[in-house]
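Asks: These are the residues of each chain, in order.
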Amino acid sequence: MKPVLLWSDALFFLLIAVTIGGAWWGRQQDHLRAGWVRVWGHRRTVVSASVLAVFFAIGLVDSLHYRSQLPLEEGKPPAWSVEVLSALDALLMPLKTNTEKTYSAPLATELFAKETLEEGGRGFPPLKYPGTHLFGTDKVGQDVLYLTLKSIRTGLLIGTLTTLIMLPAAVLLGIVAGYVGGWIDDVIQYLYTTLNSIPGVLLIAAAVLMMQVIIDTHAGWFATAAERADARLLALCAILGITSWTGLCRLLRGETLKLREMEYVQAARAFGGRPLAIMLRHILPNLMHIVLIAIVMDFSGLVLAEAVLSYVGIGVDPNTISFGTMINAARLELAREPMVWWSLAAAFCFMFVLVLAANLFADAVRDAFDPRAAG
Amino acid sequence: MLAYIVRRLLYAIPILVGVNLITFALFFVVNSPDDMARMQLGVKRVTPEAIQKWKAERGYDKPLFWNAQAEGVGKATQTIFYTKSVRMFAFDFGRADDGRDIAREIATRMNPSLAVAVPVFVLGLFATISFALLLVYFRATYLDVAGVVLCVAMMSISGLFYIIGGQWLVSKVWHLVPISGYSEGLTAGKFLILPVIIGVIGGIGSGTRWYRTIFLEEIGKDYVRTARAKGLSERLVLFRHVLRNALIPILTGVVVVIPTLFMGSLLIESFFGIPGLGSYTIDAINAQDFAVVRSMVFIGSCLYIVGLMLTDISYTLVDPRIRFQ
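Heads up: the protein sequence lines correspond to chains A and B, in order.
Sequence positions in the first sequence follow the working numbering and run 38 to 412.
Sequence positions in the second sequence follow the working numbering and run 57 to 381.
If you're looking for bench data, these hints aren't it; they were derived computationally from the structure.
All residues carry an ideal CB built from backbone N, CA and C; glycine is no exception.
Mixed in with the good hints there might be a few duds.
Dumping the calculated DSS-like pairs for lysine-lysine here, alpha-carbon to alpha-carbon at most 30 Å [as the list claims (entries may be wrong)]:
#	chain 1	residue 1	chain 2	residue 2
1	A	39	A	151
2	A	295	B	277
3	A	138	A	176
4	A	138	A	165
5	A	176	A	165
6	A	138	A	151
7	B	277	A	151
8	B	228	A	138
9	A	39	A	133
10	A	176	B	277
To be clear about the criterion: a stretch of chain B counts as covered by chain A if any three or more of its residues have a C-beta under 8 Å from a C-beta of chain A, and this derived list gives those stretches [to be verified]:
#	stretch
11	133-140
12	277-290
This is chain A alone, in the form it adopts within the complex:
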């Protein structure tokens, strides 16, 4: 077994580490702790946070990647399989490998379509693993439950890494534009107005098309298909980040403009504080609640956006398992008679639970940290 660290894994671990570190640091700050006490005050929040925690745990297990060793041959160095597996695959091995021939309904014992049977006549052939597929199987006979669980990681990565990637630029440019002002402010404002005026979907489409060309013409960059899919996933996050940082940047600029005239900032200036120090010490900490709210509010929208983009054909790599690719593969099957509803239902249900939990949690965070939010 040879561990593989994909770029998205590294970033995901980094994100979790930062969250835990931030939580630990926040415990010592009285005003932050007061906010979090308010967040945890509702049972609704606790439930949604627990659901989110389960999803993140699945995503985390799914991010521990490895390549298994091929059977040793005499006189040859050990070789590794080209297929990149994750710890979740290892846990779900029976689900992953117990594939059927084609569609089968949830917990069915027979295939979905009639075939000519070996003993003669037409009928429903029995399944190889009857009654084990909780959500049935898809067109190529893969277990739908396995696919849904694998989709979770993709959704979480898009929802979190996008914000993580765009955050530094948005915070830096927003604060600098608001605090320094002058022509720097003009340039930054021009930059985000220009980016903002391009319709988001089209900018994403154009960027993804270009990225595809790059990936296709430089096939040698990636050792395995998993790495290529991973690069595409990260690029998608970056592209989504580029199109979505403008809103946060404008918000932070406006808030900085207000903070700059506050008495404590003026006092810091009067004491001869350098601009950089003032921005870091006095302005940034007082913007953190906006950043936090933006992170949690964006998450659910991004998870939903992934499904739409994958449907349009500008989302994740078609080989990456995600809610979008699942829906895209299954959407035409509703027209069949009798219809195949289980993969769509499973994808939509899991996505709904994830996004609903994220929305409820985000509302609680906003209510607790935004002084203006009322109602």
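Fit chain B to the supplied structure of chain A, relying on the hints for placement.
Replies: Using the frame of chain A, we list chain B on its own:
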């Protein structure tokens, strides 16, 4: 006012130049035209002659920014940047990969797009405002809480679900309207009713929540207390005072999307087979037709800028305290 509009229009020019530079950089600098040709013609086993031919057909065989071989002004104009970008300012979009004129295509596809987008916009606005008013009328009761929870739940459902579920239920199970398609004139109604309803339902969750907070903000103000102190009934207070004043932020907030209605809705149009600009864009994305995508980006940006301008103008129209500066 006129001077203000002219100044705003002038301000739009650098933004459009920036948009053009960004799209140009995305399409031509990140990948050379050779890469694009290889992508279109298939990566393997493609002769240099085929690539040259592909490039020449589309006018990609010139230098990117500066043509040292040309004479005089031609040094700047005989380039891809000039031929592909500058002509866009005259709304000359050239031809798509299938040889059709893009400007003509856009003109004919605008009507179906509007036929879906305008009813969705108007009915959606009406439905969300009424729903939000209802919640505000019953504020701080269980009905309000249930309504907000319903809104959050509706926001959490993927837009794809509304479309796929609606098509399945209404068209396949109930056989009320055709699953997809479009026709000109009055017969278009039966094709349009389902997409419009789905579009309205899809936007109701987030819209209602947003307007509800606006109404609640307005309801805490002093003039409302005065109106109540005069002895007006709650219904009169809501409709005559709160609704009218809350319409200012609502209307100025939605003005920006009005021009972009021309672009149509990507998802609804492609699912329902409506030959509008949204499905045109999706087809172009799937066919990797760079010229069409670039034109749509340009038009979208223009419309957005017009929307921003209309927003500023509408502020001054509804609120006399704001002056043009």
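Asks: All hints are to be evaluated individually against the structure, with a verdict given for each.
Replies: Cross-check of the supplied hints:
Proposed proximity of residue 39 of chain A and residue 151 of chain A is contradicted: the alpha carbons are some 43 Å apart, above 30 Å. Straight-line distance between C-alpha atoms of residue 295 of chain A and residue 277 of chain B comes to about 23 Å, which keeps the hinted pair within the 30 Å bound. Note on residue 138 of chain A and residue 176 of chain A: the hinted pairing holds, with a Cα-Cα distance of about 8 Å set against a maximum of 30 Å. Taken as a hint, the residue 138 of chain A and residue 165 of chain A pair is honoured in the structure, with Cα atoms around 9 Å apart against an allowance of 30 Å.
Among the hinted pairs, residue 176 of chain A with residue 165 of chain A is consistent with the structure: their alpha-carbon atoms are about 15 Å apart, no more than 30 Å. At roughly 12 Å between alpha-carbon atoms, residue 138 of chain A and residue 151 of chain A fall within 30 Å of each other, so this suggested pair holds. A C-alpha spacing of about 68 Å is found between residue 277 of chain B and residue 151 of chain A, which places the hinted pair above 30 Å, so the restraint is violated. For the hint pairing residue 228 of chain B with residue 138 of chain A, the CA-to-CA distance comes to about 28 Å; that is within 30 Å, so the pair holds.
Restraint check for residue 39 of chain A and residue 133 of chain A: satisfied, since their Cα atoms lie roughly 20 Å apart, inside the 30 Å limit. A C-alpha spacing of about 59 Å is found between residue 176 of chain A and residue 277 of chain B, which places the hinted pair above 30 Å, so the restraint is violated. As drawn, the stretch 133-140 of chain B meets chain A at 0 residues by the rule of a beta-carbon pair under 8 Å; below three, the given contact is violated. With 0 residues having a Cβ less than 8 Å from any Cβ of chain A, the stretch 277-290 of chain B misses the three-residue criterion, and the hint is violated.
When held up to the earlier numbered hints, the structure conflicts with 1, 7, 10, 11 and 12 and fits the remainder.
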